[in-house]
Structure formats: C-alpha cells, structure tokens
Amino acid sequence: MKLLNSELLWLLPLVAVPVLIHILIRQRLPRVRWAAMTFLLRALRKNRRRLLLETILLLIVRTAIVAAIIFVVLRPVARAGWQWLSGQRQRTVSIIVLDDSASMAASDGIRTRMDRAVVRIEEYLDQLPAGSDVAVILAADPPVDVIRQPTRDMNYVREILSRLAPRDSTAVIEQAMSSAADRLREEKTPNREIVLVTDGQAAGWQEDDAKKREAFAKAGEVGEVFVLTVPPTPAGDAAVTDLTISGGPDALIPSLAATLWPTSINVRLTAFNTKETLETAIDLFVDGRKVTRRQVSVPPDQDLIVGFEHRFNSPGEHTVAARCDSDLYERNNQRSMLLKVRERINVLLVDGRPGPDPATSAGGFIRIALWPTDPQERESVPFFDVRTLSTGSLESVQIGNFPLIILADVPALPSTAIGQIKSAVREGSGLLIIAGSQVNASNLAAMFFEGGSGLLPVQLGPPIDLQPTDPPVGLALNEPLVPALSAFDDPILMQALSTVSFRTVRPVAFAQGKNVQTWARFTRGGAALVANTFGRGRVVYFGGSADRQGGEFPLSPAFVPFFQQLAFHLTFGQDEPQQPAGRALEWHPARTDGITLTYPDGTSVPAEAMVGEDPTTEQPRVLVPSAQRGGIYTLTYNDATGTPRQAKKAVNLPADEFDPAMLALAQLREKPSLAKTRIIGPDDSIRTALLTAKREAELSTTGIVILLILLAAELLLVKLFAPRQVDAQAMLKKAMGL
Amino acid sequence: MAGRREERLTDRKYVVFDVLDHIASLEMRARDLVEGTMAGLQRSPYLGASSEFAQHRAYVPGDDTRHVDWKVYGRTERYYVRQFQEETNFVATFILDCSESMRYGSGKASKLDHACLLTASLSYLALRQSDAVSVALFDEDLIAFLPPRTSLGSLGVVASSLETVRPERGTRLETVVPVLVEMIGRRGIVVIISDLLDVSSPGGEDDTAGILRVIQRLRHQRHEVVVMHVLDPQELSFDFGGRIRFEGMESLPAAVAEPNKIRADYVDIIQKFVAETKMACAGTRSDYVLVNTAEPVDRLLVRYLTARGKIREGRR
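Residue numbers (this note's numbering), protein chains in the order written: chain A, 5 to 742; chain B, 562 to 877.
Heads up, some of the hints might be wrong.
Chain A regions said to be covered by chain B (calculated; three or more residues, Cβ under 8 Å) [unchecked claim]: (1) 48-57; (2) 146-155.
Per label pair, the in silico range of CB-to-CB distance [to be verified]: (3) A/Leu7 x B/Gly668: 50 to 60 Å; (4) A/Val722 x B/Gly668: 55 to 65 Å; (5) A/Ile25 x B/Val718: 51 to 61 Å; (6) B/Ala705 x A/Pro34: 31 to 41 Å; (7) A/Pro34 x B/Pro857: 44 to 54 Å.
The calculated lysine to any residue pairs, modelled on SDA-like cross-linking and capped at a C-alpha distance of 25 Å, are [as the list claims (entries may be wrong)]: (8) A/Lys737 x B/Pro708; (9) A/Lys737 x B/Val850; (10) B/Lys833 x A/Val730; (11) A/Lys737 x B/Asp800; (12) A/Lys737 x B/Arg806; (13) A/Lys738 x B/Arg573; (14) A/Lys50 x B/Glu837; (15) A/Lys738 x B/Lys871; (16) A/Lys737 x B/Asn821.
Quick caveat, the hints were computed from the structure, so don't treat them as lab data. By construction, the Cβ of each residue, glycine as well, lies at the ideal position given by its N, Cα and C atoms.
With the rest of the complex left out, here is chain A (with noise of 0.2 Å):
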C-alpha cells in the first residue's frame, strides 16, 4: 500500500495522544480526604472489574479513531486486487502526449494519422472512469500545452482535439514526456496516467537514444505510460528534398545569384518506400508564379537532381519554390528558399594611402583582387564595382549603399563616417578591414572597439615591421577551415599562402566580443584573420599589408582566392535561403515601430508583440520561437530613414519528416524506452489494455467509514458504560423506612 500524503507520516505518533491523555489526567487529579473510605473501597473493588473493561475498550476504540483519522489524511492507495475496499471507481488524471509532427500529416486517402489519432483518443476517453481529469501536450520543440490544467470536461477536450492540425516540424517526444512526468507528479491521486499518441515515424523513433530513454522512466516512475498507435497509411511517397542554386561563373565563388548571369536552381526529388519508378511532374514557382513544369521518373527508393535555370531580371529577394505532384503526404512535396539576387555589389574601398600607382596605394592590389578582368572567362562588367576613395573624400557617397566596405589601411575616420560604417553593418553590409603601417592598436581601438561592443571588439598587440633582413612572419589558417575560406582545401592554395612572407603585421592580441573568431594565426605575434558578426553584417579584420610595402602577399597565387572569398563571405555569408521548420526565426530591423509579421498562410499581425533584445548584440530583435509551418514568412517594418521595406525567411519541413514510413508495431515493442510502456497498437482494444493496466484505489472513503463506525462505537460505549443513575435521597428514606 502506497500513501499519496506519505510527507504526512510525522502525524503516526498521534496515535499515542489517547493513551497519554488517559495517563496525564490520571496524575493531575483533584484530591479528596474522605471519611468513608472502607465503603468506597468496597464499591471499587465490586466494579474493578467492569471499570477496567470499559477503560481498556474505549482506549482501543479512541486510539482507533486517532489511527482512522490519520489513516483518512494520510490517504492510502490500494493495489489491484485490493480496490474493493474503495468503494468507488478509479478516478484517473490523465496526461495526453500529441505527435502533431509533420508525418501525422499523412493521408490514407480518406483520413490523415492525425484524424485517426484523434479517434483513438477519444476512444480513450470513453473509457476513463467518470470523474477523471485530462490534460493534452503537443510533442513540440518545446511542448506545447492545448489543455495546461487537467478538466474533466471531456466535451470540451474533443472540441480542442478536433481543431488540431499536424506542424511541419518534428517532434520531441521526450521533452513532451519529461513535461507531462512533472505536472503529473504533481496530482494527488493514486492513477496517473500518460498517454502518448503518434504514428511512429521511423525517422522519429529509430535511434533510440539516452534522452528519450530516460524520459519514458521518468514518466514511468509517475504514473502508467501508455503508447497510442495509428493506422498505417501507404508508405510509398515523393518528397522534394532539396533545393539549391549552384555556384556562379567561377569556382571559387559560393552559390550566387545575380541578374548578370542565368541562376542554376537544382531540385532535389526523392522516392521512398517504392517499388516502382514514380512518375511525377515539378513545378517551379519563382515570386509566386509558376514559370516552368517538367515531368520526371524516379527511379525507386532513389533520389533525383533536377536542374533548372532561371535568369532573375532584378536585383532583390526573390521566392523560388519547387513543387512535386499531389500525393498522399503533401507536406513533403513542397520546399522553398530565399534568393539574394545581386545585380553588382558595389564596394567601397576607402585607402589610407591613396595614389594612382597601385604598387604603393594600400588599396590597390585589392581593387584588382576583387574581379580580375579577364575577357575571356567572363562578362566584361566586373560583379564587384569598386570604388575607391580617400578617408577626407567620404562625405560624397552614402556608405549605407554600399553592401562590401573595405579600409585599407586606415588609420582614422571622421566620426560621421564611423556612425554609417556601423549602420551599414548592422543592416546587412559586410567590413574588411586591412591593416598596414598607419594601423596601431590605439587609432583601431578608437574607430571600432566601443568598450567590447564595437564592431570589431578586439585589442591589437605590439605592431611588427620587420627590416629585409629579418626573419619574416607567415601566416597559418585554423584548422578545421572556416566555410569562408573553403577554397583553401586545395592543396596547392594552401601551400601558396603558407609560404607568403609579411613585414608589416598588427596582430590581434586580445578578444572581447562574444562573437569574435580567429581564423587564422601569424607564425608569430597573434591573431592574424579575425572575424565578428554585427547585427546582420559581418566583419572581417586581416593583420597582415595588402601591398608590397608590407610584404610579398600581393604577388602570392594565394592573394586573389583569399581576399574573393571574404569579400563573398562579407557579402553574401549571412544570407539564409531557409530554414527548418521548429526553429526561431529572427529579424533585426532598424526601426520596430508599425511592424507586422505575415505567416505562410497569408495571415498577417501586428509584431511589436514580439519586439525583444537580442542576449548578444543587444539590439533590438524581431523573434518568433518556433516557425511550426513551411512556407515563406515575411516581417514588414521601416528603414532607417521611414522607407517600408520587407524581410523574408524560407521554412521548410524538416529532413526528418521527409520520410513518412512508420515502425512496425513488433519494432516499437523492441524499443529499450518503451519496454515499460503498454503499447496498444491500432487494432487492439483500448478497453483491454485498460482493464489490466495497473490501477490503484484511493482508500479515503473506507477510512472514513471505518471512522464512522469507530465513533459509533465510540457513542454506543460511552451510553453502555453510563452509570446508573441514583437517587440518594429516595434511597435513603426507603433505608430509614420512611
């Protein structure tokens, strides 16, 4: 026997309470001298007997009821076996567990998982015991609570069920589980019940892992786990599993779309669980429309590229989404993805040593790094259009324009040009910074560190100019390589660039930004490639000299791919063309007044609502915690100067809900977190698997009716054991014959 107010086990010595009353009164009596004593002697020893009877019975009757009482209070649980002793039904508190990921979204042609699984519940439901309490948990990232305190309104619990609708995001059961294992911990009542409802995916439950493992004891150690399963719906389906665009004109340059060139979008479709090729047909949407359609055969259980090209007129966001046939899982048909479309990125080279021969300006080998003209291999219009100017100059030009700005060894800004520098960062543009002679820690610190919230956080150490006869400093990348520098996976680039000597070299010595990376480290003195994120631009500091004076960096084969790729990176690095469905989607705009937030349904709302600060850069930040839907959502705010202007994010299902196939029923009993669950499996009776489930019976109310019967007693005692009543005077008479 169990005791659900077990805390209240310190009332047990209050059964002693009648025996030390009985005790105390019997040592603080009031005191008599008595005369006639042989006659009350005489009296006690004819009623020593029945004296002591009645003494001992009402002990053990009042003790009884102090034990009765504590008994009710400490309110016992009975085993099976043992419930006929509560007199009443097993009233249960129940938790249910909804899987509303992605694949309950599948269909058997006439009723989706998700419909079955709501019928299965409600089967459930009838066969609570009446008076029980329900409470319902979505299995998302983190658990959603449809209905937070457990009602025994049971009308209303289908009603919310009925409206449900399966997310595109995955489940996690386990977080759901663990949630459900404390709210139910805390009900007082003997049967607690958990009951996990889903379709068993196998991409959800194949790895049986420690987390999941631990939640199922946990919820174990609470209360009776049950495992709804639904129906099978036909596993063979086509998804479009992916959805890229390839590379630009060059090799070295990072998928790009731009109105100078056709974009190459590549689609990927999938067949699973088929025996046959499927025939089906994709569809391309860019902005919305459809532009072209091709019907395709997948081989079965394989995966097809199918390549598309699409040239973009205008520069800008741009939606393209792929879309296979209509079949019986339609969330995975779908995927969409946020194009950046560049028309020419134009930069902003501002060189702190000017002059017209580019051996000796500080900017100059860059500027012919960035889009070395080669007729031959490429369009004669140079992608990045550089231009290039004097720090006493920039009063002309509107930096925010410009989405790349490079300082080549600078060595001071006007603080006005800091303040747009800054701006434009933080709304997307990206900074490279050169250092060169001109360039100590001082005149950086000034222009960029702000107290560690600058935009770039970082303390130069001691400068190094070395003579030509001093040993000289190289430079070494990190290993693993960043993204940014992948090109340098050749071998023979890396070779290029490890060899390359540097006289001129500010080092970084100290970082105090959160997000500040080191890429890669001079031979010796420190940091030599260090990188920081800025709102949403990026920036990039590089120790070592662009030109010759500084060294021989300029004539390195490992030049140009180095300083492409982070111009690529600065530019395009923080473009997102999606997303999975689950995770948080957040935007950073300059201004969050009149903002609104439109869904991929078309619904639109207010979003000062979800106007935050961002932990790391303490800005302000546009957040929704979890994206449940695919689709595209579009965030409409104001710039800066008042222009409205519109930010998009692209959320697709998630690669674990590609695959619709569920586990066989005889795999998910073999699952080690599910070995103390009651699996009731589509066709089996819930009824059944709920009779010999384990319920307990709360024994308050045979308490309470062994009390009441105690104090009966108790009555019946004290009026038997009543004394007999006398009338001493009458008595007298009759003595004295009167």
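Go by the hints and put chain B onto chain A.
Frame of chain A; chain B shown alone:
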C-alpha cells in the same frame, strides 16, 4: 437570666443562641425509668408515695391498706391498691467521637463541628431540665471526661472542652466504652454522637457489629442509648463529578475513582450501613438518629425530641 447566660457564653463557638432559643421549649425525657436523687423531670422506677398516680393493682395480703382505693371498692366491691410514680432527675452522658474521620465536611462546617453543636445544644437542654450532663471525648482512647454537672453554668465548661478537640487519630469506641461504663455510674441516657465509620475492626466484619456490642454493653448497664449517627451529605450521596483521588483518613489507603461510575454501588453500601445500624439500635431498643450535617441542628432536635416525646406519651 438570659443576659447573664449570654455574658458568660458569648465567646463559645458551639453555644449558638439561635439554636438554643429554638429548642428552649423542648424537653428531653428519659424513655425508660431512671434512678435519681433530685426532683427532676424523669420518672423513677420506684412506685412510692408520690403526687402522681400511676395505676391500680389487685390487693394482695400484705399491701399497705393506706393505698387501697375505696372509691373503686365502692364501685366494684373489690379491693384495689393505688400505685404512684416518683419523678426524679437523670444523667445525660454525651459520648463524642473526636476521630479524624469526623473532620470531614463538604460544606463550611465539618461533622465534628456539627456534632459539637449538637452536644452543646443537648447539654443545654438537659441542664435546663436540672438534669446532669456528662461529656466524654474519645478517639482511639478516652481523650477527656467531664463528670456529671447539673448547674446551667456548666454549659460553658462543656463548650470550652469541645473547643479543645483535635481530631487526628483513629476510632476505638469499643475500647473506650467499658471504661466509660465504670465512670458513668448510675443509669442514665447515653448519647453516642459519632459517624460510626471504621468503628468495626477492618477485615470484613459486619459494619454494625462493633456499634451493636457497644450499645449492648450500655444497655446491659440499663442505660438508655441514643445513637446520633453523624454523616455528611456527600458521604450519603457521593455526588462528585469527574475523576478524583480520594485519600483515606485514619490510615486507610487512597484510591482513584470516578464517582459517577460507582455512585450507585456506594450509595447502596452506605444506605445499607445506615439501615443496619438503625436496625441494630432498634433491636436493642435504642434510639437511632441519622444526623445529616446538611440539616440545621435546631431543626433536627425539634424533629427528634418532638417524636421522642410522642413516643413516650404513647408508652404511658
């Protein structure tokens, strides 16, 4: 007279003038014939030349012819002689129980106080009648004995001796009475004022055996015996509540009891004791008076002496 009396007895605790005034009109007469030397209220067993005619008797040769009642002869032509009763005084001896058990009292006054008041009041009555009063105080032994006195002024002596009583010891009336019998001397009225508790020896003897022996001893000496059985109302009714530790007097043990639970049996026992004592007295032609200390002394004496007077009248 009354003024002089008050002047001498004012400070006496047991001389309560209200009570004395109330009983002043009463008489305490001997039920049986007693010997006496003074002219008092009591009857003499000797039928001689006295002013009071007693009865006729048939003449037998040898009777004094002066006592032949010739009027009766004239009527009946038979010879009858007249017999006369000689009135004389008596000695009232009050044997007062001063044992520890007499200290008990549920009200303001103890049984002993009540008994002393009773003794003083009856002494007054007897002295007023020119009868002699003698007082014996006892517990385990004879504490004090006042020889018979006849003057009314002796009441102060009686009263002051009562005030010296210290009830601290047990009771042994059976031991004391034989001594008293020698000291009392001539026939008189002996009034035993006691609660009669523990008079019998312990160990299961009949509660009344002891007092019966005492009475019989006194009756054997031709004394008239009055037993005034002094009991407290609580001793009679045992009307206590709750649970109490009763501590025995006269070396008896203590006991814890719930009076409610044993009251019926206790009352049975005490009533039986009273009834048996009364029966024992009746069997020896002694008077038995149950003195409930809740009843005022004067009322008790009025009731008793009036009834006693009526009985005496009935016997004549």
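Status of each hint after checking the structure:
For the region 48-57 of chain A, the stated coverage by chain B is satisfied: 4 residues place a CB nearer than 8 Å to a CB of that chain, which reaches the threshold of 3. Counting residues of the region 146-155 of chain A whose C-beta sits closer than 8 Å to any C-beta of chain B gives 0, which falls short of three, so the coverage hint is violated. Between A/Leu7 and B/Gly668 the Cβ separation comes to about 58 Å, which falls inside the hinted range of 50 to 60 Å. Checked against the hint of 55 to 65 Å, the pair A/Val722 and B/Gly668 fails, with Cβ atoms roughly 32 Å apart.
With their beta carbons about 58 Å apart, A/Ile25 and B/Val718 fall inside the hinted range of 51 to 61 Å. Our hint of 31 to 41 Å for B/Ala705 and A/Pro34 holds, since their Cβ atoms are close to 36 Å apart. In this structure, A/Pro34 and B/Pro857 break the distance hint of 44 to 54 Å, their C-beta atoms being roughly 29 Å apart. The suggested pairing of A/Lys737 with B/Pro708 is violated, with an alpha-carbon distance near 37 Å, which exceeds 25 Å.
With a C-alpha separation of about 13 Å, the suggested pair A/Lys737 and B/Val850 falls inside the 25 Å cut-off, and the hint holds. Restraint check for B/Lys833 and A/Val730: satisfied, since their Cα atoms lie roughly 14 Å apart, inside the 25 Å limit. A threshold of 25 Å between alpha carbons decides the hint, and for A/Lys737 with B/Asp800 the separation of about 17 Å falls inside it, so the pair holds. Note on A/Lys737 and B/Arg806: the hinted pairing is violated, with a Cα-Cα distance of about 29 Å set against a maximum of 25 Å.
Our distance criterion of 25 Å between C-alpha atoms is broken by A/Lys738 and B/Arg573, whose separation comes to about 38 Å. Pair hint A/Lys50 plus B/Glu837 holds up; C-alpha atoms about 20 Å apart against a cutoff of 25 Å. Under the criterion of a C-alpha separation no larger than 25 Å, the hint pairing A/Lys738 with B/Lys871 is consistent with the structure, at around 23 Å. Distance restraint check for A/Lys737 and B/Asn821: the Cα-Cα separation of roughly 21 Å lies within the 25 Å cut-off, and the hinted pair is therefore satisfied.
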